[in-house]
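Top line first, the protein sequences correspond to chains Y, E, S and Z. Residue numbering for the first sequence is 1009 to 1169, as defined by our numbering. Residue numbering for the second sequence is 1009 to 1169, as defined by our numbering. Residue numbering for the third sequence is 1009 to 1169, as defined by our numbering. Residue numbering for the fourth sequence is 1009 to 1169, as defined by our numbering.
Errors might be hidden in some of the hints.
Taking lysine-lysine and the DSS-like style, the derived pairs with C-alpha atoms no more than 30 Å apart in a straight line are [unchecked claim]: (1) Z/Lys1106 - E/Lys1059; (2) E/Lys1155 - Z/Lys1028; (3) S/Lys1158 - Y/Lys1028; (4) E/Lys1102 - E/Lys1028; (5) Y/Lys1028 - S/Lys1059; (6) Z/Lys1106 - Z/Lys1158; (7) Y/Lys1028 - S/Lys1106; (8) Z/Lys1106 - E/Lys1028; (9) S/Lys1028 - Y/Lys1155; (10) S/Lys1155 - S/Lys1102.
The set of hints was computed from the structure by calculation and includes no laboratory data. Since we're looking at a predicted model, the values are computed, not measured.
Protein chains: 4
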Amino acid sequence: MIIKILTTGGTIDKIYFDRKNEFQVGAPLIGEVLNEANVTLDYEVIQLLRKDSLDMTDADRHLIYETILSDPGRHFVVTHGTDTMLVTATVLKKIFDKVIVLTGAMQPAKFRQTDAVFNIAAAITAVQLLSPGVYIAMNGRIFDPSKTRKNIEQNRFEPIE
Amino acid sequence: MIIKILTTGGTIDKIYFDRKNEFQVGAPLIGEVLNEANVTLDYEVIQLLRKDSLDMTDADRHLIYETILSDPGRHFVVTHGTDTMLVTATVLKKIFDKVIVLTGAMQPAKFRQTDAVFNIAAAITAVQLLSPGVYIAMNGRIFDPSKTRKNIEQNRFEPIE
Amino acid sequence: MIIKILTTGGTIDKIYFDRKNEFQVGAPLIGEVLNEANVTLDYEVIQLLRKDSLDMTDADRHLIYETILSDPGRHFVVTHGTDTMLVTATVLKKIFDKVIVLTGAMQPAKFRQTDAVFNIAAAITAVQLLSPGVYIAMNGRIFDPSKTRKNIEQNRFEPIE
Amino acid sequence: MIIKILTTGGTIDKIYFDRKNEFQVGAPLIGEVLNEANVTLDYEVIQLLRKDSLDMTDADRHLIYETILSDPGRHFVVTHGTDTMLVTATVLKKIFDKVIVLTGAMQPAKFRQTDAVFNIAAAITAVQLLSPGVYIAMNGRIFDPSKTRKNIEQNRFEPIE
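Chain Y with its partners taken away, still in its complex shape (with noise of 0.2 Å):
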């Protein structure tokens, strides 16, 4: 098994230019984080994209769609910012037979505190556990994407009751 992982950007990837006295979206960290935890599985990164996702268009998520669907693999970790992930997510429901975990983080993997190395060993160990579908891994859980949503006040997901 192959796992693919693309990169789209969010939070987890933010870093610090002190030079434009900015935070911007950098480089994927995922490798690193990977590298750390000497994961041994066979994977590749991809990096599609580099956005904040409430600047996200529809041409970026066709194009989240379009490569996953058009690469022969089957195992798929989309890294993306919290605040449009469903979005996201609806799209590429309509992909049915390959298995999408999407993930993020509230807290940038460059702090020494960070949700971003949990979430992101949540998701490469859900795609190789599940079945075909698209799913949410945050907050230590497996979410259907269809049945959540985030809770901006508590900067959480949660299921909708």
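Starting from the known structure of chain Y, arrange chains E, S and Z on it as the hints suggest.
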């Protein structure tokens, strides 16, 4: 679903006691890891042992076995030293109706660079998705303990071919 | 000796607010840094401002000046954004009988990789050893602000030749 | 000014060897610490010993002494285990025309929470500002070794009243 987390010690919980000038297995750190990741699962941490796994006795393994067997729960994560993780897994194999995932770390959770967070996340995710049985979550993969070995040279778990 | 620590904001205290999808200057982190280092000095942290130094006004600088001038203490560390640290240092130059060391960071203290801890330690050490005057502690060195510039390209402070 | 950094081992450089299931003094980490802080000083790291300071012999201390004495440099930082740092300082007291600052750590530099970075920064700063003599930089303070003790209970250095 409630996940019962049994901690037994091992490298994952090693801390440094300067007063004694030595490293020892400290209090379990998995609660901190789950908090930092904003995990919203129901879980309970049960501190069972605080041992290097090379020091584990048959009585220790029997204690782990009995604790799981007599617990009404169905989903168990066991944090454990890596050196004899496979031995303990073999003992637990007799329990056929619960999902049991063992994990540990090659570098202590207290280190700046560690596989502990990743491995804990992998175990927590796997225990929710797998059918009853005993599994090992290490190096980004889920292993069947009866077909796995620890490669001491490479410092990793790998399938027996 | 008691060291008065005035915090004014800057990159050193930047944190990420996922709810607002942005980084902002948060509460001062220097207390945490000093605790982690088991510092046994007498010190007091006075949170004066919480600003990017590019947003600092003359009134802000006057507040810093007045606070130090009217304080009975003799030793002051000021945490400050790097972009206008030299401007504030020039204002403080009028105080001739106190030791004042300004410091900041190019990467936030919350980051896993940061210059914040090093710079704070340098400032805390320098303020104990220097004679009255205004100094900048950055990049491992102690600078005279009147002979220093921030090299934006190289992202560091350096002496004016 | 060039700062000569002599590393002798101690807790500051302890790393974990999973293969051997033990912690040992590893290669000196001070270079990494200085890089991360973007230090622009001229410095040279000389790896002299790799020992717990409890294992240091008179010959080891003589080696440190001779190395400093015969070196043309004037500014020396010595990283050292804390248990016998004061003993080594006493030996070095015979050198009267160089600035020598000893430092170490109660928690290894590799730990997520450590006093190592702070202490290194304090020593690097102090060596630039002090007059010739032998000093200890620990707990945010600069100590005269002849009037200092390590308080084992409190795990810190403190002045002898």
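Going through the hints against the structure:
1. Z/Lys1106 - E/Lys1059: Violated - the C-alpha atoms of E/Lys1059 and Z/Lys1106 are around 48 Å apart, more than 30 Å.
2. E/Lys1155 - Z/Lys1028: Measuring from Cα to Cα gives roughly 24 Å; hence the hint holds.
3. S/Lys1158 - Y/Lys1028: 13 Å, holds
4. E/Lys1102 - E/Lys1028: Outside the cut-off at roughly 40 Å; violated.
5. Y/Lys1028 - S/Lys1059: 16 Å, holds
6. Z/Lys1106 - Z/Lys1158: 24 Å, holds
7. Y/Lys1028 - S/Lys1106: 34 Å, violated
8. Z/Lys1106 - E/Lys1028: Roughly 34 Å separates the two Cα atoms, so the pair is violated.
9. S/Lys1028 - Y/Lys1155: 24 Å, holds
10. S/Lys1155 - S/Lys1102: With Cα atoms ~16 Å apart, S/Lys1155 and S/Lys1102 stay inside 30 Å; holds.
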